[in-house]
Every structure is written in structure tokens, then in C-alpha cells.
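There are 2 protein chains.
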Amino acid sequence: MTPTAAERGRETRGQLLDAAAQLVGEEGWGGVTTRKVAERAGVRPGLVHYHFASVDNLLIDACLAYVERELSGMNQLLANTPDRGTGLAALLEVMASYSSDNPGTTIFSEMLLAATRHQRLRDELARMLRELRHTVADWLARHGDPGEAEATSAVLLAVIDGLILHQLIDPNLHSLPLVVPLRRLAGLPTETGTEPPGQ
Amino acid sequence: MTPTAAERGRETRGQLLDAAAQLVGEEGWGGVTTRKVAERAGVRPGLVHYHFASVDNLLIDACLAYVERELSGMNQLLANTPDRGTGLAALLEVMASYSSDNPGTTIFSEMLLAATRHQRLRDELARMLRELRHTVADWLARHGDPGEAEATSAVLLAVIDGLILHQLIDPNLHSLPLVVPLRRLAGLPTETGTEPPGQ
Numbered sequence: 000m001t002p003t004a005a006e007r008g009r010e011t012r013g014q015l016l017d018a019a020a021q022l023v024g025e026e027g028w029g030g031v032t033t034r035k036v037a038e039r040a041g042v043r044p045g046l047v048h049y050h051f052a053s054v055d056n057l058l059i060d061a062c063l064a065y066v067e068r069e070l071s072g073m074n075q076l077l078a079n080t081p082d083r084g085t086g087l088a089a090l091l092e093v094m095a096s097y098s099s100d101n102p103g104t105t106i107f108s109e110m111l112l113a114a115t116r117h118q119r120l121r122d123e124l125a126r127m128l129r130e131l132r133h134t135v136a137d138w139l140a141r142h143g144d145p146g147e148a149e150a151t152s153a154v155l156l157a158v159i160d161g162l163i164l165h166q167l168i169d170p171n172l173h174s175l176p177l178v179v180p181l182r183r184l185a186g187l188p189t190e191t192g193t194e195p196p197g198q
Numbered sequence: 000m001t002p003t004a005a006e007r008g009r010e011t012r013g014q015l016l017d018a019a020a021q022l023v024g025e026e027g028w029g030g031v032t033t034r035k036v037a038e039r040a041g042v043r044p045g046l047v048h049y050h051f052a053s054v055d056n057l058l059i060d061a062c063l064a065y066v067e068r069e070l071s072g073m074n075q076l077l078a079n080t081p082d083r084g085t086g087l088a089a090l091l092e093v094m095a096s097y098s099s100d101n102p103g104t105t106i107f108s109e110m111l112l113a114a115t116r117h118q119r120l121r122d123e124l125a126r127m128l129r130e131l132r133h134t135v136a137d138w139l140a141r142h143g144d145p146g147e148a149e150a151t152s153a154v155l156l157a158v159i160d161g162l163i164l165h166q167l168i169d170p171n172l173h174s175l176p177l178v179v180p181l182r183r184l185a186g187l188p189t190e191t192g193t194e195p196p197g198q
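Line order of the protein sequences matches chains A and B.
Those letters in the first sequence? Residues 0 to 198, per numbering that gives the first Met the number 0, in order.
Those letters in the second sequence? Residues 0 to 198, per numbering that gives the first Met the number 0, in order.
Because the hints were derived from the structure by calculation, they are not lab data.
The structure presented is a predicted model; accordingly, all values stated were derived computationally and were not measured.
Just to be clear, a hint being listed does not mean it is correct.
Same chains, same label: a pair holds when it works inside one copy or across any pair of copies.
Said to hold, decoys possible - Straight-line Cα separation of at most 25 Å, SDA-like style, residue types lysine to any residue; simulated pairs:
#1 Lys35 <-> Arg116
#2 Lys35 <-> Gly24
#3 Lys35 <-> Ala113
#4 Lys35 <-> Ala88
#5 Lys35 <-> Ala52
#6 Lys35 <-> Pro102
#7 Lys35 <-> Val178
#8 Lys35 <-> Glu67
#9 Lys35 <-> Ala95
The shape of chain A in the complex, shown without the other chains (with noise of 0.2 Å):
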């Protein structure tokens, strides 16, 4: 069977968005370009203009995206955690693993700052961010609520962020036992903290 019409779109409408999201990654928001993506993606500059009404929102469409993605395999890791202390010990892997040298960290970067310019792109972010919120939250609920779980949410999400930046300026960060705070920001006890034991 040969594609349809329809197929082939979102195809090159797919991969338009994988070509324009590594460009940001490499080459910054600002540096992009219809015709780099185009090359990069293997089709007609045309296309791009097809598919997109400018760059700005070829952009914000190839951030969003590869930001469903990472969030979908955050929510996964999560479900799969069977307590709050694993899943703090996988949360601070995936943190570990946005290096400089990982495209995801300069492709956040870039989006965070790109969103104090594009309502769309802003907008967008806030109900992802909201919704993984929620699903952070629930998690921590369901596994023995701390006390105030969406805030406590809110502050591990800004954790990771955080420390992604951070490591990004000093990358020895991983050295200290960051694990500790965590535990005791998500109402786990810790050998040296002052939580009771037994949780």
C-alpha cells in the first residue's frame, strides 16, 4: 500500500518538527532558519512554509513536542516506581543525565527563555507544567502524602529544573548527597536528618 496524501503530511510534518527542535538545540532559537530545517528534515524549503505559518511557530510546535515526549517517559517512570524513595533516586538519574553535552538540556534552555517572548509557547508550557504538577502530586499522595503535596510537587519540579541549571555551571554537583534534602523535602526519613524513622 502507498501512503495517502494525508499520511506523507504528517510524516513530513513530523519530521520537520525532529529537524527543528535538534537546530534548536545546536544552534540556538535565534540561529534557526526555514532553510536549515528543510535541509535538515531532507524536503522542499517550500514545505516548511506549507506546514508552518513562520518559524516562530515551526519553533514553539517542535518545542512542545519534544516536551510531550520527556514528560511521557517522566510519567512512566513515576508509575512505575513502587515508593517515594525510588522514585526520588530515578528522578535525580534523569537530572544527572541533562549535561551540557545533552541536546534536551540547551533545547529547555532555549524554549524557557524563548516563552518570556511567545504567549503561545508560554501558555502551552504552563498547562504541561501544571499537569505534570498534578501527576507529581498524586504520586507523592498516593505513596504516603507528606503534607501539602501539590506544593511539595511544585518545589521537587523546581528542584530538578534547578539543579539541571546548576549542574550545567558546576557539574560536580552530583558529588554531594543531594538524595538526603530530597528525602527530607518529600517527608522520608534520612540516616542524618531529624524525620522519625520507620516510613
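With the hints as your guide, set chain B onto chain A.
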């Protein structure tokens, strides 16, 4: 008394640094030119080249001077707080002040992104981040060590930058009772938490 040539030089240098930091906040790192900085500082463009080897060097020094000022404010704020609880509340207020219409927010974001490309900026920021981490760890330890003060300090500083980023996307973030998980992180009792009272 008229100022000496050295004094005038230092003054011009300071004006150029201030103008450059302002322009990073308004136009982004890539949007700043020698001409614009000279215009904003009210000096001849040639003086920019006299004081700085390149625009990037000027922007790096401008951002570092900006961060030094902000950090000294934060150091003073911590030195003046009588206990951890007051300090955390003060930190939350500082965070909330970094809204999307605060030029400091853009300066910080642009600088962090530029740090991935400029080694000198990255090295200096790493030094400042480590110093600030030690200061906050000392402050935590002085007011009743929660356990792993250095790692707790690293996580606390990550929370601050993470929340600043997330509130750019979702300005309603501060309606959540963020102080509860922050107190737990710092080893302080919370009304709803599981920690023992009386600290």
C-alpha cells in the same frame, strides 16, 4: 578636585558595565552591540573597544558584576535573619520579586544560556555558586544543622532558581503554600508535616 585619568577610566568602565547589563535584559545576549552600549552609556564607541577586548568579554564582565551585586544583597539578607524560618520566608519573597517584568530575570536566563558557550563565564559562575552554597550551608548549620547542610544548601539554591523559571511560565505558582515543603527541606517543623515540633 578634578578626577584623575584612572578615576575617569574606572567610572567609564562602570557605566559601560551597567549599560551592557541593562541591554542584555532588554535585547538578549545576541542583540547587544558595541554601538548600543556606547549610546546607552553616553560615551564614544571607541571607548568600548579601549576597555573591553570584545562584546562578549564586556557582556561576561557586566553579567558577573550584576550577579556579584545580587549575591551581596542575598548575603546581607541571610546575615540579618534570626532563624531558618525567617530566612526561608525572606528567600521566598526574593524569588517572587523575579517576575517576568523584572529585567534581572532575563539577565540571569541569558547569562546561564551564554555560560554554556563561554568558559570564563562558566568558571566564574561556578566559583560564585560554590561560595553562595558555602554561605547558605554555614547559615543553615549556625541555626541548627538539618543534616547534610552543604547538600541541603545546593538543593535550596536549585529550588530558588527553579521556582524563578517556573513562575515565568506560571505566575500563579506563589498561590501554593510553598513555604511548607521548603521548611521541611530545611529540617523545620510544619503544621502538616511529619517532623517533630519544637525546633
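Each hint tested on the structure:
1. Lys35 <-> Arg116: For Lys35 and Arg116, the Cα distance is within 25 Å both inside one copy (22 Å) and across copies (21 Å).
2. Lys35 <-> Gly24: within (13 Å within a copy, 28 Å between copies)
3. Lys35 <-> Ala113: both (19 Å within a copy, 22 Å between copies)
4. Lys35 <-> Ala88: Neither: 39 Å inside a chain and 48 Å across chains, both beyond 25 Å.
5. Lys35 <-> Ala52: This pair counts as within: shortest intra-copy Cα distance 16 Å, inter-copy 32 Å.
6. Lys35 <-> Pro102: Answer is within: at 17 Å inside a copy they meet the 25 Å cutoff, but 32 Å across does not.
7. Lys35 <-> Val178: neither (42 Å within a copy, 46 Å between copies)
8. Lys35 <-> Glu67: within (24 Å within a copy, 39 Å between copies)
9. Lys35 <-> Ala95: For Lys35 and Ala95, the Cα distance exceeds 25 Å both inside one copy (31 Å) and across copies (39 Å).
In summary, the numbered hints that this structure violates are 4, 7, 9.
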